[in-house]
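Novice: Here's the letter readout for the chains.
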Amino acid sequence: MTESLLEVHNLKVHFPVKKGIFQRTQGFVRAVDDVSFEITRGETFGLVGESGCGKSTTGRAVLNLIKPTSGQVWFGREDLATISPPQMREKRKDMQMVFQDPYASLNPRFTIEQILEEPLKAHQIGDSGQRQRMIADMMDVCGLNRSYLKRYAHEFSGGQRQRICIARALILKPQLIVADEPVSALDVSIQSQILNLLQDIQEEFGLTYLFISHDLAVVKHLCNRLGVMYLGRMAELGTAEKIYAKPLHPYTQSLLSAIPAADPRRKKERILLRGEVPSPSNPPAGCAFVTRCPKAEAICKEVRPTMIQLEEDHGVACHLYT
Amino acid sequence: MQTNERKSPSPFRTFLGKFRKQRVALISLGAVMAIIVVGLLAPWLAPFDPHRPVTDQYQAKGIEVNQITSVSVPLVLWMSDGSKKSGGEGTNLTLHSEDRQIAAARKTGDGVLVNASGDGSTSILIATGELASRFKVIVSSQDDGQVYVSRLFAKTPQYSLKLGESAQVEVAAVLTDGNEVTGLADILAFTEKNKAVEVSKPVANDGFSNSSSSTQGGAGQMSGLVFQSSDSSIVEVTPEGMIQAVGEGIGTVRMSVAGVSTVIPIAVNQPLAAPIPVSVEPGELQIELINAYKHQPPSSLHWFGTDHQNRDIFSRVLLGTRETMLIGFVSVAIGAVIGTILGLVAGYYGRWIDGWITRFTDVLLAFPGILLAIAVIALLGPGVTNIIFAVAVFTIPIFIRLVRGSAMALKEMTYVEAAKSIGVRDSVIIMRHIFPGTMSVVMVYLTMRIGTAILIGASLSFLGLGGDITAPEWGAMLSAAKDNSRNLFHPTFFPGLAIVITVLSFNLLGDGLRDALDPKMKE
Amino acid sequence: MQDMMLEVKGLTVQFRNEDKEYSVVKGISFHVKKGETLGLVGESGCGKSVTSLSIMRLIPTPPGKIVSGEIRYKGVDLLSLKEKEMNKIRGNEISMIFQEPMTSLTPVFTIGRQLDEVILLHTDLTKKQAKERSIEMLKLVGISRAEQIYASYPHELSGGMRQRVMIAIGLACHPQMLIADEPTTALDVTIQAQILDLMRELKEKTQTAILLVTHDLGVVAEMCDRVIVMYAGEIVEEADVDTLFHNPKHPYTRGLLESIPNLEEKKRRLFSIAGQVPTPDTVIPGCRFRDRCPDAIARCEQEHPELLELEQSHTCRCWLYAE
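Chains as they are written, first to last, in this note's numbering: chain A, 5 to 326; chain B, 8 to 530; chain C, 23 to 345.
A hint or two may mislead.
[As the list claims (entries may be wrong)] Reference listing, derived: stretches of chain C covered by chain A, where coverage requires no fewer than 3 residues with Cβ under 8 Å from a Cβ of chain A:
| id | stretch |
| --- | --- |
| 1 | 186 to 197 |
| 2 | 229 to 243 |
| 3 | 295 to 307 |
[Stated by the list, open to error] Heads up, incomplete: computed chain A residues facing chain B, CB under 10 Å, no partners named:
| id | residue |
| --- | --- |
| 4 | Gln100 |
| 5 | Ser109 |
| 6 | Glu208 |
| 7 | Phe209 |
[Claimed, not checked] Simulated DEER-style distance windows between Cβ atoms:
| id | chain 1 | residue 1 | chain 2 | residue 2 | range |
| --- | --- | --- | --- | --- | --- |
| 8 | C | Leu103 | A | Lys271 | 36 to 46 Å |
| 9 | B | Met446 | A | Pro90 | 28 to 38 Å |
| 10 | C | Arg38 | B | Asp369 | 45 to 55 Å |
| 11 | B | Phe374 | A | Ser40 | 48 to 58 Å |
| 12 | C | Arg38 | A | Asp317 | 52 to 62 Å |
None of these hints come from the bench; they were simulated from the model.
Every residue, glycine too, gets a C-beta built ideally from N, C-alpha and C.
Next comes chain A alone, as it looks inside the complex (with noise of 0.2 Å):
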C-alpha cells in the first residue's frame, strides 16, 4: 500500500492571455501554481475546492491532456514530461479518465459498441471476436443491458451515459482513472448508483482513482485522502477522516461549515466568507485567500505560506501555523 502510483512534484498550469490585434500575450492565467500530491496505489485521492481553482486542470494535467508549464508527474517510474508522444500514447492505457458532463463526452454519431471498442482499436488489443467478448463483460460489470450495444448514446439517460463513459475507461484495465465531477451532472437518485459502481469496480480491478469534486460530502463517503485546492494551489493535504475531523485551513473550515446538511435538527455554525475569489490571472502576493480570509494577518498579505507537515498525513499551507 506504500507504492505511490502517481506523483505530482511542483506542477504549473499556466495559460497565456492573449490581448489586442497582434495577440501578444499580456500576462497569463495561473490555472495550477505550484501544487504537489502523490497517490498510492488503491487509494482514491480527492480533489476538492470550487470552479475555477484549477482542480479539474491539475486532473488534465495529470494525464497530460494538457502540457504542465512546469513541474513533474511520475507514473510508475516515468516522468511524463519527458517521454515521447507514441510512448505518452503507450502509457494512457494505464490512465484513464471520467468525465463530468456525461451527455458531451459521448460522441453521438457512434452506438454503444463503437464507443466501447475504440480504446481496443487504438491499441490494438485482441481480435474482433476477443473485442466483442470483452465489451460484453465490461458492459456486465457496468451495469448495462448487453441488448444496448447497437444503440446511440443519444438515447440513454444520464446515468447510463456515464456507466458507458466509466466502461470505456474501464475496458484497458487502466491502474489510475481520473474522475472529473462524475457525478454532479447527475441526479440524486442516480449519483448513488455511479458512486457504488465505482467503488465496485475499485474492488474488482484494484483501481487508482484521482477523484475531482467540489461536492466535499462525495469526496468524503468515497476518498481516503485529499487535497483541498484554492486559487490554483493546494491549501491542505492530508487523510479524509483527520482533514474532516479537524480541519485546519480557514478555507475548508469554511467550506465545510457551508455545506447545507440534510438533516433539518442540526443547526451548525457556519463560517460565512466574504467578498470574491480574485482573478487566477492576478492572484494576491501572499497567500492566496487572504482577500477573503477572517484570521488573515498582516504577514498573509506578503509571504506565500509553504505546506507544512503539522503530523502525519495531514499539512496545510496557512501561516496559523508556522
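Please build the complex by placing chains B and C on the supplied structure of chain A, with the hints as guidance.
Specialist: Leaving out everything else, chains B and C in the frame of chain A:
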C-alpha cells in the same frame, strides 16, 4: 424498465426523416438526379450528333430532307366551259419567285415544287401563256404579313355575244389569305391598300431581295386592274371592264392585276370554240416551309430547334449536361477534398499550421471568384481541364474556412478530449470524430457550391476561355448564339434555361440538406 | 401566519412533441402561506420547474399548455387574468429567480439600468428615486460596493454576484411572493451559503412567502418550513421539514434521503434507487414509482395510488399506507 425495444434511430435515419418532410428539397433532389442521369446517358439520349449539322444526318435517320424543305404544289387549270383540268401537262409553265434567296420553284409533272432556301416570306408567280397566278411562301415561320392576289377569275367564264352587244365583266380575286374579293372597285381598293403597305414597309432583310423585288415588281407595278383585248377588231374593252362586240369572230379579253392574270373567251356571232384554259389555280394559296439549313425553330423533330450551324440544340443541351456536370462535380470535389483536408489540419492542430493555412485562404479569398478563375485560365491556357482546375482553386479556400471553423468547435468537445485521453491517434481522431462532424456542413456547401461552379464554368466558356468553343457546352452555346443568332429566341433560351434549372436545383437541394442537418430544427 | 398567499389546485400541464402529447405536471395541488418557505423537491424531469413557470404563466405555449387547474394568488385566479394584469403581478407581487444567473441578465445594459427598469415598470417612482431604490436593494443583498456595481455590466461580475443582483431585481418591488427555481445550483458552496443566508434574512425581515424549487435536499433542510416531493409529475409526499427528514414515508423520499452521502457518518455503501428517472412521455400504469420501488406490492401495478393523509399535514402517495 427499458421495455421498449424500438429500433435505434441512427443519426442518418433522423436526417432522412427530416429531409423527407421537405417537399422543395425532394423535388430538387429529383431534378438533380435527373440531371445527373441525363448527363451520364446523354450520348444515347441525344437524337442527333450535336457536332454536325442535322441536314447531314437526316439521310442516316431515314428522314427525307425534302419533306421539310420543299413542298409540291399541284396546279389546276380552269377551262372556259367551267371544267377543271389538273396538272400543268402540256402547258408552258414559267415560274417566278419574287425572292430566290427565300424560295425557289421548279416545274414537276403535275405541279410546282417549291424549295426553301432562306428565312422570310415571298411569293411565287406561276404563268402559262396569258394566265398567271401567285402563291405565298413562308419559310421558317418568318411571315411578313403581306397578302397577295393569288388568282383572278371572271364570274362568267365565257361570253357569247351578238355583234354590237356589250356586257360588263364581273371579276373576282382570290387572295393568298383565302379571302375572295369581288368587283372591280374592291379589287382596286385592295391593290391600292397593298401598295401603300408595300411602300411603307421598311427596307427588306437585305439589299438583294429588295432590288430583285423592285425589278420583279415591275409587272405588279402596273397599277390597278388592266383589261386588254386580244383583237380589238372583234371585241373592245373599256378600262372599266365593259366589253363590246365590234366584229365577228372569237376574241379574248385578258385581265391582269399585279402580275396575276386571267382571260375570258368571247365569241361574237359565232358558237364558242373548244374550251380554253382561263385561269390557273395553285393547290395552296400559301405554303409554309422550313429552312432546314440554319436556325430551325423548335418543332417535333427538333424540340429546341437548331443553331446557326444547324446543329440540334436539344442534343447539344443534353450533351452539355455531361460537360457541365464534369466541371461542377470534379472541380468542387477537388476543391472540397483539398479544402477539407487543409481545414481539418488547420482547425485541429492550430498554431503555426493554422496560421499559414489561414493566410493562404485569406490571399485566395481576396480575389473575387471569377477573377481568380480567369487568372488561372490566363496562366494555364483555356480548356475544360483548366476550367475545372480554376474553379477548384477558388473553391478550396471556402472549404478551408468552413471546415476549419467547424473542426475548431468540435475539437473542444469533451468526446474528442475523451478520445485523446484513451490514446487514440490524432489521425484517427480527425477521421472518426472531427471529420464526420464537419460532414454536414461540407455536404450542404458542396451541393450549393456545385451550382456556383457550374455557373462559373459556364461563364468562363461564355467568355471563350473554355478551349473548344464549338463544343456542346452551355456557356459556349450561349456565347455562340449571342454572336450568330442575334434576334432569335431559341438558340439562347434553351442553354440558358438548362443553366438556370441546374443551378437552382443544386441550390435548393443544398438548402434542404442544411435544414435537415440542422439539429436545432425540429420536425 | 394564516394568510394564504398562493394556492394551486389540480394543476395539469401538457407538452406536445412531434404529435405526442403528454402531461408533465399531473394534477398537483399545494399552497404557500405568508412568511412560509415551501420546498419543491424532485429530480430532473419531475415537473418542478414547469410548476414554478406555470405560476408565473411563463410556460412557452406551444409546446406547453396549462390544461386544467387553478392558481390562486391571494384568492385571485391567475389563469383567468389578462396578460396586462398578469404583467402587473409579475415582478411586482410575485418575483422569480432563475437558475442561470449568467444568462438571465442582458449583457448589453448595466446592472443599474436593468434594476431601474424593473422598478420603473412596476412603481410610480421617478428615475432618481428608482436609482436610490436600486442602490438600496444592492446593499440589501450584501453587495458592499453598491454604487460601483450599479454602473457595471453583468460580465464584470462573478457568478455569486450576478445571482445576488438577480435576487435584488427579484426583490426590488418588495414582492410578497418569491419563486426561486434552483437559485444556488450554479454556485459554489461558499457562495451558496451566502445566498441562502441572505434569503433567510429577507424572509424574516419582509415576511415574504417563498417557493423554493430545488433538487438539493441539504438546501431544503436549511431553508424550508414545509416540503413537497415530486416524482414524474406528481406529488408523492408532503410534510413539514422535520417530519420529512426524520419520518419519511414514501419509498422514493426514503431512497433519496438515504442515497446522499453524509458528512457525519461514513457508510461503506450508499443506498441507491435502482433504475432511471422515467422520461415525461413514458406511460406507466399504476404507481409511477413501482418499477424502482424496493417495497412494491401487487396492488402498485394495477392501481394508481391517491394522496393519503397520514397525519396532520403529512400526505403520501403510496399503497403501503392504505388500510
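Novice: Next step is simple, just say for each hint if it's right about the structure.
Specialist: Hint by hint, here is what the structure shows:
1. 186 to 197: As far as the stretch 186 to 197 of chain C goes, the hint is violated, because 0 residues have Cβ atoms under 8 Å from chain A.
2. 229 to 243: Holds, because 7 residues of the stretch 229 to 243 of chain C bring their Cβ atoms closer than 8 Å to Cβ atoms of chain A.
3. 295 to 307: holds (count 5)
4. Gln100: 7 Å, holds
5. Ser109: 4 Å, holds
6. Glu208: 21 Å, violated
7. Phe209: This interface hint is violated because 17 Å lies over the 10 Å limit.
8. Leu103/C <-> Lys271/A: 36 to 46 Å: 40 Å, holds
9. Met446/B <-> Pro90/A: 28 to 38 Å: 29 Å, holds
10. Arg38/C <-> Asp369/B: 45 to 55 Å: 48 Å Cβ-Cβ, so the 45 to 55 Å window holds.
11. Phe374/B <-> Ser40/A: 48 to 58 Å: Holds, at about 56 Å.
12. Arg38/C <-> Asp317/A: 52 to 62 Å: 58 Å, holds
Figure legend: structure checked against the earlier numbered hints; hints not met, in rising order: 1, 6, 7.
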